[in-house]
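Quick mapping for you: the protein sequence lines, in order, are chains A and B.
If you're matching positions, the first sequence starts at -17 in my numbering and goes up one per residue.
If you're matching positions, the second sequence starts at 4 in my numbering and goes up one per residue.
A portion of the hints provided could be inaccurate.
Simulated crosslink set (SDA-like; lysine to any residue; CA at most 20 angstroms straight-line) [to be verified]: (1) B/Lys134 to A/Ser190; (2) A/Lys117 to B/Asp273; (3) A/Lys167 to A/Ser190.
Stretch by stretch, here's where chain B covers chain A in the computed footprint (C-beta under 8 angstroms, at least three residues) [as the list claims (entries may be wrong)]: (4) 78 to 90; (5) 101 to 110.
Bear in mind the hints are in silico, worked out from the structure with no lab data behind them.
Ideal placement from N, C-alpha and C gives every residue a C-beta, glycine not left out.
Spelled out from the first residue to the last, the chains are:
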Amino acid sequence: MSAILEFRNVGFSHGARNIFDNLSFSVEHGETVALVGPNGIGKTTLLKLAAGLLQPSSGEILVRGQELERWGRRQLSCAVALVPQYLEVPFAFRVEEIVAQGRVPHLGFFGGLTRADHDAVESAMEAVDILGMRKRVLSELSGGERQRVKIAIGLAQQARLMLLDEPTQHLDLGRQIELMDLLRKLVERGITIVAAVHDLALVREHCSSAILLTPHAPALRGPVQELLRADLLERAFCVARPSLERYLATETFPPRGGEPIAPPDPESKADDAGSQRRKNEPQEHRERLWRKDELLRCRGCRRYSRRPRSWHNWDND
Amino acid sequence: MVPAILLLLAIIVSAGMGAVRLSFGEVLAALLHPSAAGDAGVILFTLRLPRVLAAGLVGAGLSATGVLFQGLFRNPLADPFILGASGGAALGGAIAVFLFPSLSFAGFGAIELLAFGGSLLAMAIVWSLAKSGGHFAMENMLLAGFAVGTMLNAATAALALRQEESNPGLRILTAWLHGEVTVPSWMQLSFVAVIELVALVFALPLARQLNTLALSEEYAAQLGVRVKRLQILVVLTGSVLTALAVSLGGLIGFVGLLVPHFLRLIFGPDHFRLLPSAALSGAVFLIIADTIARTAFAPSEIPVGLLTAFLGGPAFLYLLNHRQRSSSL
């Protein structure tokens, strides 16, 4: 197997803010990779970098072994399809006209659709099962139908690598499952998928591996089972260990084979006791206003607290 | 095809209307045998036809610019008048009329050139004000267009106030501010016609890319469209068309809003089909409107800009309300 997408020591900063710094990973042909991490960590940025919409400030990105700068813009659009989070069209274009836009990188100078282009549009619409709504206007479609239209655009592009930005957002359970099944079908057709997904149950069910982005820590790349562990997720999402373990233990994320996903952490007990104590504290003490310099600030979620908690990324640890 | 036939009919019928009424046959005969036409020919070739063709060029330019700017801003409310581009062109033209009446550059009239500059400047200001966080907010676009347009029109009016009563430019300027189609020379007419045609042909491939831009800037970039370049070319082309329209007809509002809107209901939103049909239908629309403006209250004329404002204002309000409710057209 060879890598279809590779990040080598990629750095990217937006204004003064450093979003990535020395990010390296690779995605092999035929994989389904979940991109997991908290809001604002740069999942969308990472996908835009991979699609060539943003330029890294350092390092290099390779698609099919070739640096992005050496790809022509239209050539790259035929190889990599980005499926952005939102699709809002201000005019009353029909679904088939919107899907046909996926052919734009393939068109000649005069921009007319050939027979092959029409066939590609048809088969893209067929693959995501939207042939029945081809004459409808986007604003009439439900969230799940809209997602399928977006994926059809990517299919019409005939790109082998598809980058999806939160494809399951705002979808109900049934539509989420349908969408993930659709992605599985795409993988069977030989398409490699990198998708930013928040729902860990979907990640575990449908993705072969994952990239976990954690604030101020190197990104982790590996099989889903190894990455979605409480000790890693705790820091990535800045969430209290007991709450996290309760979440991971419920039916949303049942442990397989009866094994606990991670050994219980002695710290979490101590913290439970701490919260008990806090409840018994006198009222005036709790209502005191704290100055910011008295508090600790988490580098991950940027919340302030006066007591260091293990699951946050405190500046002074 | 249908709009093209309508355009020919509109030109012939409209050329016959006026104080001296000429029948369809008379106009046609005069057009086919200009030398044998006599008095009718004089009226037709020195007064009527230049005015009718000027109205057609103004309507075509404004409607086509409407289509281009609507695609650019991804908003069916965009129009050269509403965005302040017409105001910029009028100010540029006014500066040319009063300050550099004899200036010309490589055959281009100073009026058209400075009008282009003014239109471009107005668009650049509105553009930078309207664009926030990578997309155009509708409120920003309308507010920026309103503010810039009002300032530029005030500047034009102030410029007119400083001139002496006898200045011949004052007459031109008053006509511009009211939105009155003037009777141009054949020289000016053919100059405008050639440049406008070139701009329209140049805009056709841009219109196709505007369809991709309709998905979003990010989507268009992802599909291989050079978004920045496209936006700059559309602003340039739109500014040329606006400048030409304003140099003949002044501040005529809402044509670029009305015509594309009704064509969208018929032909759908495809900019590539919309652009030529909007240019032809815009020409027909303004020829009819201008004919009404100059004949309905004969012997006095009303500026055609007033008429389009009466028609376009309510349409604008309807669109605004409609968009607020459903967020898409």
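Hint check results:
| no. | hint | result |
| --- | --- | --- |
| 1 | B/Lys134 to A/Ser190 | violated (41 angstroms) |
| 2 | A/Lys117 to B/Asp273 | holds (14 angstroms) |
| 3 | A/Lys167 to A/Ser190 | holds (14 angstroms) |
| 4 | 78 to 90 | holds (count 6) |
| 5 | 101 to 110 | violated (count 0) |
Hint violations for this structure: numbers 1, 5, all remaining hints satisfied.
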